[in-house]
Amino acid sequence: MSKRVDHPIILGIVGDSASGKTTLTAGVAQILGEAHCTVICTDDYHRYDRAQRAAAGLSALDPRANYVDVLEQHLRLLRSGEPILKPVYDHRHGTLESPEYVRPKEFVIAEGLLGYTTRTMRDCYDVKIYLDPEEELRVRWKVHRDTTKRGYSRDEVLSSLERREMFSPNFIHPQRTFADIVIRFQRPKGANGSDTQLDVRHILRPTLPHPDFTPLFDGSSNAGLHLELARDRDGKPVDVLEINGNISDKRAERIEDLLWNLIPEAGHLRDQ
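For the sequence shown, the working numbering begins at 431 and goes up steadily by one.
Please keep in mind that the hints were generated in silico from the structure rather than gathered at the bench.
Every value quoted in this text rests on a predicted model; they were computed, and no experiment measured them.
Hints are not guaranteed to be accurate.
Straight line, CA to CA, 27 Å or less: simulated DSSO-like cross-link-like pairs of lysine-lysine [to be verified]:
1) K535 - K516
2) K516 - K579
3) K619 - K680
Just need the whole structure built from these sequences, with the hints factored in.
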């Protein structure tokens, strides 16, 4: 890596359950170079195991069911380049496991449900992303993930989704306000139910400097792209970049080349 900074770069990825956080995290780590990335899951900071939460009537989405103060401390340590002894939560069995020693690398990606809950946490990030997929997509993703990887039946997942309806608006959705970038995956209009090719809508807030995207719209390379100045839910102005999920592979490669050219200072990452 030719670019160095005086502290690890901390990237946050927050969203509701099964919104695509882990998938995006893996993709970002691949681009940045996995050898240069430390990934932590903020859901590991659950205070109680699954059985204890059920007995107490607590949701994993409730900050009271998590060691928020420990997560704050660990994010500060990671930003300072210091190692942490991170708790571990086994999502398949719903149990608390032995902690693991984690040392920050050049990039730290922190993904999970409650990463932007407090001001102390938010101040630790260099970039904050919030994932806000189309709800029907998220439900489908959650059913598939929890039945294939976490040992739940379909009925149990649907019941969990129903219970969580009262918690997500209170604890998860408000964190969207603090994100620098909001990413929404949605099916193209007229889609037949498949989610293999999704449109992506990026809301880019002025809290971060963004590349000048106008070169993307020169000539014929703008097919499948749309950029506009809009207002977010809070009425504040934002840039919105939309990418059509049905663009051809050749056109997608052309767009990728143009995007890399917009950030020449990151060219060393492309060679990972």
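Hint check:
1. K535 - K516: OK: K535 and K516 at ~15 Å, within 27 Å.
2. K516 - K579: Holds. K516 to K579 sits at ~23 Å (cutoff 27 Å).
3. K619 - K680: Judged against 27 Å, a Cα distance of about 22 Å means the pair holds.
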